[in-house]
Each structure stands twice: as structure tokens, then as C-alpha cells.
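Undergrad: Listed below are the residues making up each chain.
Protein chains: 2
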Amino acid sequence: MKVAIMGYGVVGSGVAEVIGKNAEVIAKKTGILPELSHILDIRDFPGDPFASFLTKEFADILEDDETGIVVETMGGLEPAFTFVSACLERGKHVVTSNKELVAKKGDVLLALAEKHNVNFLFEASVGGGIPIIRPLIRCLAGNRIQEIAGILNGTTNFILTKMIMEDMDFADALALAQKKGYAEKDPTADVAGIDACRKICILASLAFGTHIYPDGVPTKGITDVTLDDVKAAAAAGYVIKLIASAKQLENGRLALRVSPTLVKKESMLAGVNGVFNACLVRGDAVGDVLLYGQGAGKLATASAVVGDVIDCAAHDSARIRFGWSKAEDGVLEAPGAVPTVLFARLKNADKAAVAAALPGASCLDGENGETLVITAQAPAGALEEALAEFHPVTVLPVAAY
Amino acid sequence: MKVAIMGYGVVGSGVAEVIGKNAEVIAKKTGILPELSHILDIRDFPGDPFASFLTKEFADILEDDETGIVVETMGGLEPAFTFVSACLERGKHVVTSNKELVAKKGDVLLALAEKHNVNFLFEASVGGGIPIIRPLIRCLAGNRIQEIAGILNGTTNFILTKMIMEDMDFADALALAQKKGYAEKDPTADVAGIDACRKICILASLAFGTHIYPDGVPTKGITDVTLDDVKAAAAAGYVIKLIASAKQLENGRLALRVSPTLVKKESMLAGVNGVFNACLVRGDAVGDVLLYGQGAGKLATASAVVGDVIDCAAHDSARIRFGWSKAEDGVLEAPGAVPTVLFARLKNADKAAVAAALPGASCLDGENGETLVITAQAPAGALEEALAEFHPVTVLPVAAY
Numbered sequence: 011m012k013v014a015i016m017g018y019g020v021v022g023s024g025v026a027e028v029i030g031k032n033a034e035v036i037a038k039k040t041g042i043l044p045e046l047s048h049i050l051d052i053r054d055f056p057g058d059p060f061a062s063f064l065t066k067e068f069a070d071i072l073e074d075d076e077t078g079i080v081v082e083t084m085g086g087l088e089p090a091f092t093f094v095s096a097c098l099e100r101g102k103h104v105v106t107s108n109k110e111l112v113a114k115k116g117d118v119l120l121a122l123a124e125k126h127n128v129n130f131l132f133e134a135s136v137g138g139g140i141p142i143i144r145p146l147i148r149c150l151a152g153n154r155i156q157e158i159a160g161i162l163n164g165t166t167n168f169i170l171t172k173m174i175m176e177d178m179d180f181a182d183a184l185a186l187a188q189k190k191g192y193a194e195k196d197p198t199a200d201v202a203g204i205d206a207c208r209k210i211c212i213l214a215s216l217a218f219g220t221h222i223y224p225d226g227v228p229t230k231g232i233t234d235v236t237l238d239d240v241k242a243a244a245a246a247g248y249v250i251k252l253i254a255s256a257k258q259l260e261n262g263r264l265a266l267r268v269s270p271t272l273v274k275k276e277s278m279l280a281g282v283n284g285v286f287n288a289c290l291v292r293g294d295a296v297g298d299v300l301l302y303g304q305g306a307g308k309l310a311t312a313s314a315v316v317g318d319v320i321d322c323a324a325h326d327s328a329r330i331r332f333g334w335s336k337a338e339d340g341v342l343e344a345p346g347a348v349p350t351v352l353f354a355r356l357k358n359a360d361k362a363a364v365a366a367a368l369p370g371a372s373c374l375d376g377e378n379g380e381t382l383v384i385t386a387q388a389p390a391g392a393l394e395e396a397l398a399e400f401h402p403v404t405v406l407p408v409a410a411y
Numbered sequence: 011m012k013v014a015i016m017g018y019g020v021v022g023s024g025v026a027e028v029i030g031k032n033a034e035v036i037a038k039k040t041g042i043l044p045e046l047s048h049i050l051d052i053r054d055f056p057g058d059p060f061a062s063f064l065t066k067e068f069a070d071i072l073e074d075d076e077t078g079i080v081v082e083t084m085g086g087l088e089p090a091f092t093f094v095s096a097c098l099e100r101g102k103h104v105v106t107s108n109k110e111l112v113a114k115k116g117d118v119l120l121a122l123a124e125k126h127n128v129n130f131l132f133e134a135s136v137g138g139g140i141p142i143i144r145p146l147i148r149c150l151a152g153n154r155i156q157e158i159a160g161i162l163n164g165t166t167n168f169i170l171t172k173m174i175m176e177d178m179d180f181a182d183a184l185a186l187a188q189k190k191g192y193a194e195k196d197p198t199a200d201v202a203g204i205d206a207c208r209k210i211c212i213l214a215s216l217a218f219g220t221h222i223y224p225d226g227v228p229t230k231g232i233t234d235v236t237l238d239d240v241k242a243a244a245a246a247g248y249v250i251k252l253i254a255s256a257k258q259l260e261n262g263r264l265a266l267r268v269s270p271t272l273v274k275k276e277s278m279l280a281g282v283n284g285v286f287n288a289c290l291v292r293g294d295a296v297g298d299v300l301l302y303g304q305g306a307g308k309l310a311t312a313s314a315v316v317g318d319v320i321d322c323a324a325h326d327s328a329r330i331r332f333g334w335s336k337a338e339d340g341v342l343e344a345p346g347a348v349p350t351v352l353f354a355r356l357k358n359a360d361k362a363a364v365a366a367a368l369p370g371a372s373c374l375d376g377e378n379g380e381t382l383v384i385t386a387q388a389p390a391g392a393l394e395e396a397l398a399e400f401h402p403v404t405v406l407p408v409a410a411y
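In the order they appear, the protein sequences are chains A and B.
Residue numbers for the first sequence follow our numbering, beginning at 11 and rising by one.
Residue numbers for the second sequence follow our numbering, beginning at 11 and rising by one.
Mixed in with the good hints, there may be bad ones.
Identical copies go unnamed one by one, so any copy, or any two together, can satisfy a pair.
[Unchecked claim] In silico BS3-like links for lysine-lysine, alpha-carbon gap of 27 Å or less: (1) Lys274 / Lys172; (2) Lys230 / Lys195; (3) Lys38 / Lys125; (4) Lys357 / Lys241; (5) Lys336 / Lys31; (6) Lys241 / Lys275; (7) Lys114 / Lys38; (8) Lys275 / Lys172; (9) Lys241 / Lys274; (10) Lys172 / Lys195; (11) Lys38 / Lys115; (12) Lys38 / Lys336.
Note that these hints are calculated values from the structure, not bench results.
Turn these sequences into a full structure, and let the hints steer you where they fit.
TA: Written out as C-alpha cells, the structure is:
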């Protein structure tokens, strides 16, 4: 079965490269020899080793009956959605690395794939090359998933690591990330948490079986995190990581959140540094599982795409089920009602007043006369209200892992 | 399709429990409702909630045409091998958690499964509930695997963690592990590295496509690791972990080893503490991936078994290929020829003589007048010979991850 690639950018060219150089190893291990048919891109790539596959016409892929698997690595919602839909309707398997497409249209595209008895796979859309989606839906299929917490954006983790380990401030760390090619010129999607939010929505939709749209998820990026926050967290025994989390509460509702979060120094997530990503999955049978690796990059992401391509070829007649249904109203808990532990930096606080307003909170002396508070667990709204009286410099959630 | 369980011990009863309590969640997510048919055990379990399924006759399972999937959680080579073979020959899928069976008979049983067009799956045989085997053969199928390094035995990792973090000596830590139920009365299979060796053989057979027998792998356990070794390693910036590793060398041959190994303090593997396991996989496209979680325990291991059961049901007609062929001569490099970095504790050593005998080695002052040596990379045999002159107290390999 032949493979076409739509979008010959970083990931698309990585897919061509991995298929090109590892075809023999893949064939030996899996019995499948992936073979390229077309590469779609509106740009020209003179002298490219795969130039003979290039086309500017989507119809060359759509109308080619030998092309049974289409890789979408264009990114963005359109024309990716239109092209992917057309391919599925023609009975072609589709593999994508496009998290925006999956987060916004996953339920629609999976239903379309089901209708036409083909696979729509998207391992590369979360965590780059790290095996996350297949372990979650296959290996852990026997579990009731209780919680997922991930460092799902390499750019922000690089910036926070520089702040934590080298006392670099946010602006300098961002500039360095841009210089190294880890951050875009316009870094908003990364630093504002939008990218991490799309990814946790994909994982939560898979884990809990209901499409969850990014719009409904409280999302806070790292732009306001200061070196003083990082140092205060360290004094209390924590590091600050941008954590995207999804949890099923006791009442059955779901709580999703993207926020800079305090993570215990000795936890596995605290040890995830630089551009690396990691995802913690807590299941009722398996306990805690952590999946770690490069969350982005040409060949790492291509590795996940090619794994999916092989799966499509191996299961040409057997559909892989995701159990991902349409969105339902009332699935998400109101953010203020979610049981939460908060950390706050207070200036000139009266500790007795803090103890009275926040029963069970513990207080530490920070630098420059600050009081560092870690609250007991209570609904987030009530905690925020109680803390507001003390005009906190910073308020951040504290993770339980 | 109905599921039978052979062996109603810790893991087998966990499988019954997970299927019992999570059937509804599993059905919602996967479309498959696993249903028990029989449980085989020679013992009696009066009052057990699954007592109505118990039988002492293997024929009740073998002859039952409704039982399409058989779970083997008996452990040991026989009668597991005979029973599993008979089930595969009858066209039943088999799922096992039995690492001894897989390490010694994996190639034979996979060939038998292929002949009868059924699946033989064994995710639970390595790393308990941690998704390792499926990520390795599916998600990373596009990679040329370069190296695998794992903390694959929870008992020894618990003991080493107690030695590292609480200055407990080996005998006390072992006694504590036995008290907590983490170690058997006869702990040999764990502390001598036999269990870890079986597991790395399974992973290497999968990654490199050739059956590798445990007999051929240099295996050293942790019984000789002393608190002085742990402290000397710490002084040099390392922790000692029992690492089971498999690597493809530049000449194409494979190097496998189980040994207490120095791992850099800041590496992810160094952060794997207590009974947890982790497996690092290095692929040419994906880079380093780490899979972490509980490597043993009733429900964690059952989680992996149930994942495999669901996969068998979902792929009743499509076989999952492992690309695991028969053993070949000459696949393993001679241990003495494997490029290695060694750590040694020397007493009263002449540093100039050390530098002359071991070009590129670095020396540190240890406690009590010891010299701590970290060699440059060279064939292990040559390094050991050069070190022997100095009558080292301890010689251990140093990991590159």
C-alpha cells in the first residue's frame, strides 16, 4: 500500500526521510514495506531528494487508488480538514500530526473514518515521538483513567528550565529559545498555553470518551511567571512546570486545566528538563505511568507518524477504535468548584489572619518578608476568594504528583 | 469472545478483578465486553467471588469452543509451555505474564501462533503494567533501535534505593523488602539479576528481531554492592542502579548485559526509585524515550494482561506481527570486546601509574585514601585487564545515559 504526504515542511520531510532510510528495518520487523507515492506542497523544492514525488494538485493523491494511506502534516485547520475529510470519504486511511485539527475536529473525523471503515490515527499530535496515545487507548484499556498530567509543550519547558536552573529571566529565556529554533517568532501559541491545551483536550477526549473542546478549558501560560516565583517555589520544595491536566472528580465530572503549577522536586515530572515532554497517566489498576521523550522535532515526530502508517497498513481491514464520542454538555466541572491546593506569595501578611482565613494552610517565611502559603485542598473559587483579601503577588496551583 | 485464566495466583486473580470491575468502562472505550469462562487452578478457593469459574481440568478450557482467549498466569516453564502450545494449536489467542516462558520459548510460541493464525501477546512479561512492548514494536516501528536500558526489577531497585537514600546496608534492605512482600523468601532470581536478564532478552529479541537466550547474557546481580560502593559512586556524581541493557554495536553485533551500573545523578533513570521500573529506548528517529511505572503488583500487571486481552478480541482476524525470528549464531559480541566505560575503586593507587595504564581515565580522591577511576571508553576486556594490576575493590560499568 502506497503512502502520500500532504505538507512537506519539517514533519512531512522527516516522514519521507524516515521511510526512505528505515524501509528495510521496518519490513523486517513488521512485514510492511512503506512506499511513497506523492508529496503535496504548494512550494517548490528544487534539488530535493524526494522531488520526483512532489505535486501541487491534491487530486493527484485523492484520485490515486494505489495510495491507501495519506499523511497530513500541513498543520492548521484548513485546508487540512477539507483534504483529510475527502481522503477518508474515498476510503483512504489518514495519519496526522496536526493537534489543532484533532483537538477541534477529532470526533467528526473519527466518525467519518468509522463510516468509511478506515483508520484515522494521530499519535504524533501529542508528545511528538513519545508513545502516548496508543499506550493510553490500548495498553491501559483495562483501566478506569483517573488523571492525566503532562508537560506537553517543549518550548515552555525549555524556558522554565532555564529560569529554574540558570536564573535566567523569562524574556532572556524566550529569546534564547527563539535563537535555538525552539520558539516561533510569534511565540503566543506556546507561551500562552494554547498548544498544551489542545494536547490535553486530545488526551482527555481519549481517556474519558467525550470530545472536549479547547475553548472550555481554563488556560494560563507562563508569561507571568517570574524568577521570584521560581525561587519562592524552590524554597517550598517545588519546581514550576507548565502542567496540562485532566482529572475525573468524585462526582464524575471532569476538571481540565493548563497552568504553571508547583510540582514536588522529587517527582518524576520535576526531572523533565529542557525541550523534553512527559505525560503522567494514573489508572485505577496500573497506578502511575510516565511516558517521556522528545515532544517535538523533525525525526521524533516523524517516528510517531511512521508508526501510525505501519499500523494502518497492518490493519487495513480492522479499524482501531478510540471510543471518542461527541461533546456532551455538563461534562466539565465549573473551575471554581474543582478541589485544588494553591500556593501563594503574600507581602506583609499577618500569619494569624492567614491561618484564620485558610484553615489547614501551611505558611513558610519567604525572601524579603514574604509569606509563602500552601493551602489545604478546597474548591478553587473559595480558596481564591480567601487569598484575595491578602492581595497575593502570585497564586498558582500545586500538583498532587 | 470468552476469556479463560490459567493460574489463579496474584496476577490471575488481579485479571479476574479488573475484568470484573471495569467491564463497563472497557466496553464503552473499546466496544469489547470481556467475559470470563473458566479459571484453572489445582488449589481450592472456598468463598472466592469467582469460585463458580474454577476448574482443575485443563480440558475444560481447551475443549470449550466459546473460550477464544486464554490468559496464562501460572509462571514457570511447565506445564505453562505445554498448556499454551495446546491452546494456540486449537486456534485460541494466548496472553501471558510469564517472562520465563517468553524469554525461553518466545520464538517457538510466536511461530506456533502464526501457524494457527492467532495472537500470542505478552505485554505483562516486562515492566508489569508499564506499556513497553507495544510502544516498542508499534509506536517505534519506524525506528532502527540503537539501545535499550532498563531498571526492570522492582525488588533490587527497592533495595538499592534504600542503600542510596537511607544508608541501609544490603542485608537490612533485603530483609525489609522481604518483610514488605517485595522480595521472595528465596530472593535469588531477583538479586542475582536472573529476572532482569529474562526481561532484557525479551526486549532485545523484539527490538533486534532475533531470539536471544538468557544463558548467553553476562549477568551480575546486586549481592556484592556495598554501601561504600554507593557512597563512592555518589562522590563521582552517580547512583548505582541494576541496569539491564541491550545495544547494537557499530559492527552490527549486539551487546547485552545485566549489571549494577553507575548512572548520572541528573538522568531520568537515576530518578526511578523504590519498586518502580523504567525502560529507556533509544531510536534513530525518536531519540530517547522513557517508559516508567510499577513493574510488578497484582493490579498493575493485570492491567497489562487485560490490555492484551482486549487487543486479541479487537484483532480476532488480524495477527499482530512481532518480527521475532529464531536465534542466530554470532549475533552477540564477545563481552570482552564491547566498548565500555568502567568505574573502579582503588586502594593506595599510584595515580601516575593509573594514568599510564589507562589513557584518558579520570581520577578522583575518594574516602579513606581511595582513588576513584572513571576510564575512557575502550573494550571491556582490555580495561579490566589494565585495572586488575591495581587490585580494585570494585569495578562497575558506567552508563552513557
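Undergrad: Against this structure, judge whether each hint is valid.
TA: Results for each hint:
1. Lys274 / Lys172: For Lys274 and Lys172, both the intra-copy (18 Å) and inter-copy (20 Å) Cα distances are at most 27 Å.
2. Lys230 / Lys195: within (20 Å within a copy, 52 Å between copies)
3. Lys38 / Lys125: between (33 Å within a copy, 18 Å between copies)
4. Lys357 / Lys241: Within. Shortest intra-copy distance 15 Å satisfies the 27 Å Cα cut-off; inter-copy 43 Å does not.
5. Lys336 / Lys31: Answer is between: at 25 Å across copies they meet the 27 Å cutoff, but 40 Å inside does not.
6. Lys241 / Lys275: Both. Shortest intra-copy (13 Å) and inter-copy (22 Å) distances satisfy the 27 Å Cα cut-off.
7. Lys114 / Lys38: So Lys114 and Lys38 pass the 27 Å test across copies only (22 Å; inside, 37 Å).
8. Lys275 / Lys172: Classified as both: same-chain Cα gap 16 Å, cross-chain 19 Å, threshold 27 Å.
9. Lys241 / Lys274: Both, since 14 Å and 25 Å are each at most 27 Å.
10. Lys172 / Lys195: within (19 Å within a copy, 48 Å between copies)
11. Lys38 / Lys115: between (35 Å within a copy, 21 Å between copies)
12. Lys38 / Lys336: So Lys38 and Lys336 pass the 27 Å test across copies only (13 Å; inside, 39 Å).
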